[in-house]
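Enquirer: Residue numbers (my numbering), protein chains in the order written: chain A, 1 to 281; chain B, 1001 to 1273.
Just so you know, these hints were derived from the structure itself, not from any lab. As the structure is a computational prediction, the values presented were derived from the model and not from experiment. Fair warning: there could be bad hints in the mix.
Straight-line alpha carbon distances no greater than 30 Å define the calculated BS3-like cross-link-like pairs of lysine-lysine that follow [what the hints assert, rightly or not]:
id, chain 1, residue 1, chain 2, residue 2
1, A, K182, B, K1141
2, B, K1107, A, K182
3, A, K182, B, K1097
4, A, K182, B, K1160
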Amino acid sequence: MNNLMHYKWRKTKNIIMASLCFISAIVAIVPLFIILFYTISQGISSINWAFFTQMPKPAGETGGGMANALAGTGILILIASCFGLPIGIFSGLYLSENEGSIYAKSIKFLVEVLNGVPSIVIGVFAYVVFVIPMKHFSAIAGGFALGILMMPLITGTTLEMISLIPHSYREAALGLGIPRWKTTLFVIFPAALKGILTGILLSIARVAGETAPLLFTALGNRFWSTQLDQPIASLTVFIYDYSKAPFDDWNRQAWAAALVLIVLIMIINIIFRFVTREKYA
Amino acid sequence: MHNVELLNITETADSNISNKKAENKKEKIKVDKLNAFFGNVKALNNISLSFSENTVTAIIGPSGCGKSTLLRCINRMHEEVSGTYEGIISLDDENIKDNDPVWLRRKIGMIFQKPNPFPTMSIMDNVTAGLRLNGIRNRSKLKEIAEQSLRQAFLWDEVKDILKQPGIALSGGQQQRLCIARTLAVSPEVILMDEPASALDPLSTNKIEELIFELKKSYTVIIVTHNMQQAARVSDYTAFMYLGELVEYNKTANIFTNPSNKRTEEYVTGRFG
Ligand SMILES: Nc1ncnc2c1ncn2[C@@H]1O[C@H](COP(=O)(O)OP(=O)(O)OP(=O)(O)O)[C@@H](O)[C@H]1O
Ligand SMILES: [Mg+2]
């Protein structure tokens, strides 16, 4: 009798816990759907061909687009990649080569710390390093800030992907009398390349959504500019400016730009899923 | 397991070992009083033996007795897992520590237990990897060496029409022969094999054994194996190891028909190990 009671109580507890978990899971994804729904309903009406191809109209006029912001985000990501990718990849290779050493361990720790530094702080850093000496905001400064944000992410994936490569490949290559650096660069790195590429995509998705560091560095630009030493527009700063503006049409365009950004990031994430699925499933 | 000191089997073995060398054949590799360590753990205790040119030497012994470690000391792969050793290993009477490990490994090739063709490379690129990554660019020369090595490894006929396909698309036995071809391509003088057929089916194993028989015409071959029949079939000399020590080293026929140590006898007749 007592046993049966106990069993029932256990059953009940089980059901309660399971339901709590389920509810939590729902609560966790509800904001995503609300955001998506709201962004689409507010922004979709402003999305048309002109939005992608035209320049912003002067304040107060309706219409116009964000061609300069799209191009600007692209340029900023390119600059960031020039900084972040090589340094990130090579430091990842270095760390994987010297995994045991104290030097490598401390660098790894510092990289993890850098990964946790708020992006606004990195923006301030880029402001001090680039904007103050140059005496004005610039694309270079913005790209530099985003590059620093990318670096630890790239280092992390490189390290992780290389550690997935079985040690036997390294030994096979060394056993052929291939020097260590060539083994790493031409045998191990190519084997890990696919994983590293997807990591790069994810880090691009991450920095594409950054606003705070750009406010200090790239600033924003209402005109078409591809000059690296001049302020440059970006999707996120466009959203920031247009959502604050006292014009309904601009507010709608801010929603539209947000929608574009979300879709871009989702596409990158889907590519990531797609590419990683084959290999590590 | 690691209490090698407890064993007192070296007395009888030592006298046996020091004067064992293949008659009139040059001693290619000499191992003298080798002690190998992983950190503080001793894996090999006072091993001395030599390997002669154009012979196949089998190393046998129960799991964990240090066979792989001995092999990996010889091409300095032991260092790659932060292992250390004391004693002298020489190749052609030169201490292997006097030279660059990269240079040494071109002379002493190694085949591993699990076939490990480079995953991103085609069959052709796998075979020529050692040459290409050591700076040889001449395409016709690479092709020529690739064909020659694949023929030597008895693989050419099976792959000559699919050289562009990835190496890992081959069967396990073919992959292992590809790895052998890859090693032969850098023209080593010594070939170390660590249980090269233990992951293969009987037919592929046969092929590898035939291959070893051919290889000894031009190379010094040292093979670790758990398979007594295999050791008896392919090797001229056999070394029996136990708990990090060399127990007995002699002509293979002697080891299998008339071992001088009781442990050897028990092991080769399958009573322990
Ligand atoms: N990387 C390592 N770190 C620490 N100890 C190791 C390492 N590799 C091997 N050892 C130890 O060294 C001893 C010898 O190992 P080894 O691999 O040479 O044995 P083996 O004779 O090749 O065995 P098997 O037949 O199972 O391959 C074992 O006791 C093992 O535990
Ligand atoms: Mg072994």
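Enquirer: Is the straight-line distance between the alpha-carbon of K182 (chain A) and that of K1160 (chain B) 30 Å or less?
Expert: holds, 28 Å
Enquirer: Would you check the hint for K182 (chain A) and K1097 (chain B), treating anything up to 30 Å between C-alpha atoms as holding?
Expert: holds, 22 Å
Enquirer: Need the status of pair K182 (chain A), K1141 (chain B): alpha-carbon distance at most 30 Å?
Expert: holds, 21 Å
Enquirer: Compare the distance between the alpha carbons of K1107 (chain B) and K182 (chain A) with 30 Å, and conclude whether the hinted pair is satisfied.
Expert: holds, 18 Å
Going through the hint list in order, the structure satisfies each hint without exception.
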